[in-house]
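Asker: Residue-level listing of the chains:
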Amino acid sequence: MNTLLPWAFLLTLPGLVLTAFGAGRRPGLASVLGPWLVFAAGFAWLLGDHAPAVVRIEGWLPLLPDAAFALRLDALSATMLCVVGGVSGCVYLYSLSYMRGDPGQRRFFAYLDFFVLAMNLLVLAGNLAVLVAGWASVGLASFLLISFWRDKEGTLGAGLQALAANAIGDAALLLAAVLVPAGAGDLTTLHEATHLQGVAGGAGTVALLIVVAAAAKSAQGPLYFWLPSAMAGPTPVSALIHAATMVAAGVYLLCRTHALLALAPDVLTVVAWTGVLTAVFAAFASLQQPNYKRGLAYSTLSQLGYMFAAVGFGAPFAAFFHLFTHAAFKALLFLVAGVVIHAADGEEDLARLSGLRKQLPGPAWLGLIGSLALIGLPVVTAGAFSKDLVLEAGIEHAPPLGYLLLGSVLLTGLYTGRLWFAVFLRADSQLHTHAPDRLLQGPLVPLALGAVGLGWLGTALGTVLAPALGPAPAVHAVSGLGLVAGGLGLGGFLLAGAWVRARGSGARLPTLSLPWVDAAASCANRAATGVARVHSGRLGGYLFTAMVGVAVILIVMRIRP
Amino acid sequence: MHWFLDMPHSLQAAAILSLFAVAVLLSAPRASVATVHRLTLLAPIAAALPALFQRGPEAFAVLAVLALALIGALLLCTDALENPIHRVECGALLLLGTAGACVLATANNLLSILIGFESMSLAVAVMTGLGRGPRTLEVAFKFFALGAASVATMIYGIGLVAYAAGSFEIGAAPLAGLTGLHQAGLLLITLGITYELALVPIHFGTLGVYFAAPMSFAGFAMTVSKLGAALAVARLAAAHPHVQPMLVGLGVLSITWATFGGLAQRHLRGLLAYSAVGHGGFLALSIGCGTDGRTAAVFYAIVYVASAALVAAALAGRDGDLPYAELRTEPLGKLRTTALVTGLLSLSGVPPSPGFWAKLAVLGPSWHVAGPLLTCIAVLGGVFGALYYLRPVPDLIAGLRSGERGTAASRSAGVAIALAGGVTVLFLVLPYLALRLAN
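Read top to bottom, the protein sequences are chains A and B.
Residue 341 in the working numbering is what sits at position 341 of the first sequence, and the numbering runs on without skipping anything.
Residue 1282 in the working numbering is what sits at position 282 of the second sequence, and the numbering runs on without skipping anything.
Any given hint could turn out to be false.
[Stated by the list, open to error] Simulated coverage check for chain B against chain A, where a stretch passes if three residues somewhere in it have a Cβ under 8 Å from a Cβ of chain A: (1) 1203-1210; (2) 1255-1261; (3) 1361-1372.
[Unchecked claim] Rough simulated footprint, nothing fancy, chain B against chain A, three-plus residues with beta-carbon under 8 Å: (4) 48-57; (5) 165-175; (6) 525-535.
[Unchecked claim] Facing chain A, a subset of chain B residues (Cβ under 10 Å, in silico): (7) Lys1142; (8) Thr1153; (9) Pro1241; (10) Pro1323; (11) Tyr1324; (12) Val1383.
Hints are computed from structural coordinates only; laboratory data are not their basis.
Computed from a prediction, not measured in an experiment: that's the story for all the values here.
Where a beta carbon is used, it is the ideal one built from N, C-alpha and C, also for glycine.
Input sequences plus hints: build the corresponding full structure.
Answerer: Given below as structure tokens:
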């Protein structure tokens, strides 16, 4: 049985085939079981004897030095399978209602199945070759899902943006896969010194390439741009891919290769700074958004920044634990947003969405639970448990960055409160909504339970993950730091309520332009125009350039008679 | 008959192609245009027959060139010429150019390289000049003039090598004390050939052809000429490793140049022109990276020419620069749009397209030989290059969904799309096949 479990990534394949070929009365129904089976496979391993299950088939991808098709199911991948299976299971059920009546419903579920298959391949990858295949396929599936509504303005462009940003990560990961010598691509033993002999720059080079790949997938640092645009896709996609699973793949990869990263302290410092700066920048950016989903997207960026920072602080368990709890409450927040948008006939503008608590009481309360978990309200929410560990690691390993992260909890409270109060509490809109059905609201309940209760699994998770991530620190329900962070978050949340009450649902910070982004774009544009202008059509100029070029080449090559 | 069978495959193919070219020209006054087309189409098939029963790199090179020529011949009747009567001359020139490419691709002798290069380059220049459009003559003249400069460079280089080595063989070693002259000669020869690869800084002539020539001729220059030139440069680099650093440098320079140039383009012609420069750069980079690099270069060349042929087939018969905005208002038909998007995605190297596998194959040798810095520049060039390839895709799809009836592909263009598209899709599913061919 143990040798069959790594093939769990194929469990959504029957659903994909059946859905794609039109089986079933109701499009998508054939797909619903797949993710729950994936969840069950992960859970079954966690209940077992915890012996890693490995599959290795040699000679699969001869273009790479390590050509084997290798799968590995261990504590880390099994837990991640549970996250992916659980969240996607809820999203599938939700989508049955959300996408009802859409002419492309069947295609939508086929794409979802393809995505979950690719994501699980990525999770179960035992070596770099399989990781590359999963990594690239997830990017492709993301493009298909973001641009699902092809007629909607901007969706195709947003999908292409995601594809291009992901391509940067793919290229970096590929380069890492190409550099690692034959037979040494196993992800769990990548850090062993003998494996990296002969690689220019050694462990640092491979670690840096992995970090670039992770940053692209998790939209960190300068590669953040694609995630907010990706909100053009259907909301279930935003919940599944752009909150809980695909964007978390970067963090997962960093956790998986944490032993390699530990060999490159400079790279870890870069990771920590990237995470902290992204957390703070994205929190400010969320406060500037007029659109509900984009506000949530920047919140995701900010929380992924926490996870990155945790890896940079040398605390991979804290990062993974935050990924684990974040998956539940962020998927919940996105699905609540989906219910609201669905009820309001597609309206996403915060200035127009307001006072919906009475019309949508269930989503309002569930949204509040998700928001409080995002803030990290101690004891009663899962987010508090994991965020505490990240902050503790930060203050212990890099105090300035740790305190900066602690300060950004206030911003988390502000942007979370702004979104919740704007949508549910302020009553100055006459927006007509229709009541959501049970199928749309039902999947929110398990996610809400997760947002409340998953934190209590921290200690058990730490024990299970110890062989993969090293010894875990103690997980506290209440700590001094946790109370300070919770107080800051709650303060920000209430402050945002007062702000929205005073300034209206559309209250937001003025949009600030980022000079470096503009400058880089302008520079590239000038260079591009300059290069194109060289092709002027003047034959004399061409001949002169060619002659000078040939002369320079001969001089550079130091040719002597 | 024995003398014919004893000839190298490339010369057998060149002889058959030349005979057909003569037949095409002679048939002109009496035979119909359809007969001329049939003869042009039959020629690459007939020329491929001797090589079909052989194995080895030479036979493979000849078959690859002839397959591309067949696609070129299929597209010949779709292109707009200044005067339709010149279609006969174009057919003959296409066959003569292909004969040159066969010789160039398999040459072991410097004079064969020169003859192959000159035949190919003259054919492209004249075909470009016969095309319709305000700039074709001007572009053809510039291509001819710059090509002549390249030939002059090559001849000078051949002279130096012959003086230093006392032989015209590619692998001939220099006599004592003449190593410098020999090396200079080889560098000049390599530089001359790279004109067809469109490497910076001698890319202007070919860039002009890609911009202005009728699509099938531009496609011929992008595929047949490039494949022939790449294989010739690979032979030179294999025999004389000291030209490899130059190829690496020019390759990276071309990739960077093409990335910026491509980003500034707002029409498909410009995109494809800079794309050809960028891919020439990847080919040169790969050829410059030792034995593994040359295998990767052949793999890259196979994938690139298949994708470029697909794009050329999809656009055959469309005049003008093809601005992106025009693709919305005057869409291509479904088949052509699908073919074009598939070709562009493959050229861009977006995973899991064949172009992606080809770039992947180049990365390893490049890192080990060219070093991390140049490889990273090439990778970034490849990644940002993807941005300009993807730019027209939304316009193409919007055009398809606009409800406007697109211009459908002609029957011969449809066959060309099927051939090039079939190979591209085959490499998508089975990248090893291309790798095995390359090996």
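Asker: State for each hint whether it applies.
Answerer: We went through each hint and held it up to the structure:
With a threshold of 8 Å between beta carbons, the proposed coverage of the stretch 1203-1210 of chain B by chain A holds, since 4 of its residues qualify and at least three are required. Remark: the stretch 1255-1261 of chain B is confirmed as covered by chain A, as 3 of its residues place a Cβ nearer than 8 Å to a Cβ of that chain, reaching the required three. Three residues within the 8 Å Cβ limit are the bar, and the stretch 1361-1372 of chain B against chain A gives 6, so the coverage statement holds. Counting residues of the stretch 48-57 of chain A whose beta carbon lies closer than 8 Å to any beta carbon of chain B gives 0, which falls short of the minimum of three for the stated coverage.
Counting residues of the stretch 165-175 of chain A whose CB lies closer than 8 Å to any CB of chain B gives 7, which reaches the minimum of 3, so the coverage claim holds. Counting residues of the stretch 525-535 of chain A whose beta carbon lies closer than 8 Å to any beta carbon of chain B gives 8, which reaches the threshold of three, so the coverage claim holds. With 10 Å as the threshold, the beta carbon of B/Lys1142 comes within range of chain A, its nearest partner Cβ sitting at about 5 Å, so the hint holds. The restraint placing B/Thr1153 at the interface with chain A holds, with a minimum CB-CB distance near 7 Å, inside the 10 Å limit.
A cut of 10 Å between beta carbons decides the hint on B/Pro1241: the least distance to chain A is about 13 Å, and the hint is violated. Violation of the interface hint for B/Pro1323 is found here, the shortest Cβ-Cβ separation to chain A being roughly 14 Å, above the 10 Å cut-off. With 10 Å as the threshold, the beta carbon of B/Tyr1324 stays out of range of chain A, its nearest partner Cβ sitting at about 13 Å, so the hint is violated. About 5 Å separates the beta-carbon of B/Val1383 from the nearest beta-carbon of chain A, less than 10 Å, and the hint is met.
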